[in-house]
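*Asks:* Keeping the supplied structure of chain Z fixed, place chain V upon it in accordance with the hints.
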Amino acid sequence: MTEREVTVVNRAGLHTRPASMIVRTASKFKSEFYIEKDGYEINGKSIIGVMTLAAEPGATLRLLFDGPDETEAATAVSQLFEEGFGEVK
Amino acid sequence: MNEHTAHSATGVGVSPGIAIGPVYLYRRATAQVPAEQIAPEAVDHELKRFEQAVQRAERDLQKIANVAQEKIGADSAVIFEAQSLMLRDVALYGTVVDAIQEKRHTAAYAVKEVMGKHRKIMEASDNAYFRERAHDLLDVQERLIRHLRREKLLSRIQEDAIVISETLTAADIVLFSRRGILGCATDFGGPTSHVSIMARALGLPAVFSMHGITDHVQPGDIAIVDGVEGRVILRPDEATLAHYQYRKTRYQQIVLEQRKLAHLPGETTDGHHVALKANLEFKEELEVLPTYGAEGIGLFRTEMEFLLRGRLHIDEYAQYQTYRKVIEAVAPHSTTFRVIDLGGDKMLPMSHREQNPFLGWRGIRVLLDKQDELLVPQLRALLRASAHGPMRILVPMVSTVDEVLRFRAVYDRVCASLDEDDLPYDPNTPLGIMIEVPSAALRAKQLAPHVDFFSIGTNDLTQYTLAVDRGNDLVATLYDSLQPAVLSLIDQTVQAAKAAGIPVSVCGEFAADPRGTILLTGIGVDELSVSPTYLPEVKQVIRAMSLDEAQAIARAALDAGRPSEVKALLGQWLDKHALDLKHLLELRPGLAAAEAAS
Chain Z
0 MTEREVTVVN RAGLHTRPAS MIVRTASKFK SEFYIEKDGY EINGKSIIGV MTLAAEPGAT
60 LRLLFDGPDE TEAATAVSQL FEEGFGEVK
Chain V
0 MNEHTAHSAT GVGVSPGIAI GPVYLYRRAT AQVPAEQIAP EAVDHELKRF EQAVQRAERD
60 LQKIANVAQE KIGADSAVIF EAQSLMLRDV ALYGTVVDAI QEKRHTAAYA VKEVMGKHRK
120 IMEASDNAYF RERAHDLLDV QERLIRHLRR EKLLSRIQED AIVISETLTA ADIVLFSRRG
180 ILGCATDFGG PTSHVSIMAR ALGLPAVFSM HGITDHVQPG DIAIVDGVEG RVILRPDEAT
240 LAHYQYRKTR YQQIVLEQRK LAHLPGETTD GHHVALKANL EFKEELEVLP TYGAEGIGLF
300 RTEMEFLLRG RLHIDEYAQY QTYRKVIEAV APHSTTFRVI DLGGDKMLPM SHREQNPFLG
360 WRGIRVLLDK QDELLVPQLR ALLRASAHGP MRILVPMVST VDEVLRFRAV YDRVCASLDE
420 DDLPYDPNTP LGIMIEVPSA ALRAKQLAPH VDFFSIGTND LTQYTLAVDR GNDLVATLYD
480 SLQPAVLSLI DQTVQAAKAA GIPVSVCGEF AADPRGTILL TGIGVDELSV SPTYLPEVKQ
540 VIRAMSLDEA QAIARAALDA GRPSEVKALL GQWLDKHALD LKHLLELRPG LAAAEAAS
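Going down the list, the sequences are from chains Z and V. Throughout the first sequence, residue numbering follows numbering that gives the first Met the number 0, covering 0 to 88 in sequence. Throughout the second sequence, residue numbering follows numbering that gives the first Met the number 0, covering 0 to 597 in sequence.
Here chain Z stands alone, though its shape is the one from the complex (with noise of 0.2 Å):
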């Protein structure tokens, strides 16, 4: 199990764009990807979940990995919010 925490620093907060970013990126791998804020755990790999995070900006979210590949995927999404999935700041 990896676990890392963020904060989305958009300033849209995860809208429909950057969910997707997350969805399509974490699909590449095999390890199984949860997403935890407030309390609430969503599967990391469901725009639908995503989605229904309404994570805002300055939210602070666990990612938690778990699987074969958890290391690379946490890598890998990670940067994503490091990122600001590609929006300027």
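A couple of the hints might just be wrong.
Straight-line alpha carbon distances no greater than 30 Å define the calculated DSSO-like cross-link-like pairs of lysine-lysine that follow [stated by the list, open to error]:
1) V:62 - V:369
2) V:324 - V:282
3) Z:27 - V:324
4) V:247 - V:324
5) V:47 - V:102
6) V:282 - V:369
7) V:62 - V:47
8) Z:29 - V:116
9) V:324 - V:259
10) V:62 - Z:27
11) V:119 - Z:36
12) V:119 - V:47
13) V:497 - V:247
14) V:247 - V:282
15) Z:29 - V:247
16) V:116 - Z:36
17) V:102 - V:119
18) Z:36 - V:369
19) V:282 - V:259
20) V:62 - V:102
21) Z:27 - V:282
Selected chain V positions facing chain Z (in silico; Cβ < 8 Å) [stated by the list, open to error]:
22) 89
23) 129
24) 132
25) 312
26) 441
27) 445
Chain V residues, not near chain Z, derived (Cβ > 10 Å throughout) [claimed, not checked]:
28) 90
29) 96
30) 568
Don't read these hints as lab results, they were simulated from the structure. Virtual Cβ for every residue (Gly too), placed ideally from N, Cα, C.
*Replies:* Chain V alone, transformed into the frame defined by chain Z:
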């Protein structure tokens, strides 16, 4: 209701033009999905049906994304790609498969249940943007259910149909347009929705907010959609049909004729120039400007982009890019950006509920209270854009000198912060105010030294001066910009501007009413800004009169005691030019009706 009687109702004309054709009543699929169970031996078949429906939906969405991208731009396709991703989402696909296998639900019922649960979560969000995304889930849900029922929706639409529906999504209208429909009308929806923008971009006449039009439709109906007047007529009698056939032909002729005027200047017969500019809300509308011969944008309503997104945060850089695009497209003409004007009837879903929003927290009052979140980022974005071409900044809903001074202080601070960040901007960008509150008009002389220009907003000025909410059917007929009290405040504002040597413009529907065009020119307004579609008409009026004539009419109107006297004066002049101008009233019966009622 007699099924043969005509039914006529008004709504909001969101896309101009007139269309006549047979009705296609588009019913959305949410209606009835019963909680049925299937036999154990039917499970495999149901799973196969579900997979087929998903595949069909994927093909649909791919097609829609392609059309949207090609006709409207890449940004608009993102939403359809995300919907496509939802179809294979474990939270949808996996859960539906489980429900079919374990609970032996029908696929349609399982889809409705699963999506309903997710929608509820999103609808409960505090954030309007996320609440709105629940519509995307609904769209996916309905698309799947439609395919599960094998409703071959589109193949039943005739080429020349008028689509009538409770609501339409952006995806619907894109696909319908490919089927060659003529126009559409819906119960809900307003002019700022995405689907309205698409209707305009696709050139489809459309009237929304009809409240109950779907209840009146019967099989085999013929419908008239009048996007100019915002009216829909079902089952028209022969005389009405003939009238609208004529209106449609005239509309097309007039549009063609007027477009020929596009390259001519807005000049009276004695050579007095009135700048004719366009009111705009979205950068998507820019391409129409040359067609209508606009000399720039007199009012760019920046709040629409925020209302469309349902949130207050659009980052500075994104705003800057939008404004820059607009400025560069309009140059060498100038663009006047009105800073975010929220409140009144333009509420974000998270706005405070007020007893009396039109007398409440709106315009500059919101901006001064929300400096860090709203005003500062927007002013920074606007000023950064000023480095790329001519532009002006306009402040809404000012009622006192103090407000202007406070705004100026923020403006100066923003300039200093841009200097500090070494970002280029034009330090001479004109800063002006809207005159739309009677107190501002009464004190125009005292306000003038603090600003670079005035822009009179006749819609609000009329409503506040006469204490009439024109959205209220009980008093809407009392709303009349030709009331001498309104004209007198306009005149006072213009005289104050002249004395201070600053330009004054009018943006508001009154400027597009031929009678308003005459009076405002006579009073001495330098610039009129109207919806682009009205520009050719306004130009036609100006080119038909002399400044002397307009001034004489304006003087008489200001001395008049009652609006009927003003109307008689204008009527005489319009009669004299009846051959040229009659069609203005003919095509806009709203004006003609107001005339008849007075």
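*Asks:* Would you mind marking each hint as holding or not holding in the structure?
*Replies:* Do the hints match the structure? See the list:
At roughly 42 Å between alpha-carbon atoms, residue 62 of chain V and residue 369 of chain V are farther apart than 30 Å, so this suggested pair is violated. For a cut-off of 30 Å, the pair hint linking residue 324 of chain V to residue 282 of chain V stands: about 8 Å separates their Cα positions. Between residue 27 of chain Z and residue 324 of chain V, the direct Cα distance comes to roughly 37 Å. Violation of the 30 Å bound is thereby established for this hinted pair. Note on residue 247 of chain V and residue 324 of chain V: the hinted pairing is violated, with a Cα-Cα distance of about 35 Å set against a maximum of 30 Å.
For the given pair, residue 47 of chain V sits about 16 Å from residue 102 of chain V by alpha-carbon distance, which is consistent with the 30 Å threshold. For the proposed pair residue 282 of chain V and residue 369 of chain V, the alpha carbon gap of about 25 Å is at most 30 Å, so the pair holds. As the CA atoms of residue 62 of chain V and residue 47 of chain V are separated by approximately 23 Å, the hinted pair is consistent with the 30 Å bound. For the given pair, residue 29 of chain Z sits about 28 Å from residue 116 of chain V by alpha-carbon distance, which is consistent with the 30 Å threshold.
With a C-alpha separation of about 27 Å, the suggested pair residue 324 of chain V and residue 259 of chain V falls inside the 30 Å cut-off, and the hint holds. Our distance criterion of 30 Å between C-alpha atoms is met by residue 62 of chain V and residue 27 of chain Z, whose separation comes to about 25 Å. Of the pairs offered as hints, the one joining residue 119 of chain V and residue 36 of chain Z holds, with about 18 Å between alpha carbons and a cut-off of 30 Å not exceeded. The straight-line distance between the Cα atoms of residue 119 of chain V and residue 47 of chain V is roughly 28 Å, inside the 30 Å bound, and the hint therefore holds.
Between residue 497 of chain V and residue 247 of chain V, the direct Cα distance comes to roughly 43 Å. Violation of the 30 Å bound is thereby established for this hinted pair. Proximity of residue 247 of chain V to residue 282 of chain V is assessed by CA-CA distance (about 28 Å); at most 30 Å being required, the pair is judged to hold. The hinted pair formed by residue 29 of chain Z and residue 247 of chain V fails the criterion: a straight-line CA distance of about 61 Å is larger than 30 Å. With a C-alpha separation of about 19 Å, the suggested pairing of residue 116 of chain V with residue 36 of chain Z holds against the 30 Å cut-off.
The hinted pair formed by residue 102 of chain V and residue 119 of chain V meets the criterion: a straight-line CA distance of about 22 Å does not exceed 30 Å. Using a Cα cut-off of 30 Å, the hinted pair residue 36 of chain Z and residue 369 of chain V holds, with the two alpha carbons roughly 28 Å apart. Between the alpha carbons of residue 282 of chain V and residue 259 of chain V the distance comes to roughly 24 Å, so the proposed pair stays at or under 30 Å and holds. Between residue 62 of chain V and residue 102 of chain V, the direct Cα distance comes to roughly 34 Å. Violation of the 30 Å bound is thereby established for this hinted pair.
Our distance criterion of 30 Å between C-alpha atoms is broken by residue 27 of chain Z and residue 282 of chain V, whose separation comes to about 37 Å. Nearest Cβ of chain Z to the Cβ of residue 89 of chain V: about 5 Å, under the 8 Å cut. The hint holds. Given hint, residue 129 of chain V at the interface with chain Z, holds; its Cβ is 4 Å from that chain's nearest Cβ, closer than 8 Å. Because the smallest distance between the Cβ of residue 132 of chain V and any Cβ of chain Z comes to about 6 Å, under 8 Å, the interface hint for this residue holds.
At its closest, the beta carbon of residue 312 of chain V sits 5 Å from a beta carbon of chain Z; the interface hint therefore holds under the 8 Å criterion. Checking residue 441 of chain V against chain Z by beta carbon gives a least distance of about 41 Å; that is not within 8 Å, so the hint is violated. With a cut of 8 Å, the hint placing residue 445 of chain V at the interface with chain Z is violated, because the nearest CB-to-CB distance is about 39 Å. For residue 90 of chain V, the requirement that its beta carbon stay farther than 10 Å from each beta carbon of chain Z is not met, with the minimum near 4 Å.
Every C-beta of chain Z lies more than 10 Å from that of residue 96 of chain V, the closest at about 14 Å, which supports listing it as non-interface. With a closest Cβ-Cβ approach of about 54 Å to chain Z, residue 568 of chain V is found to remain outside the 10 Å limit, as its non-interface label requires.
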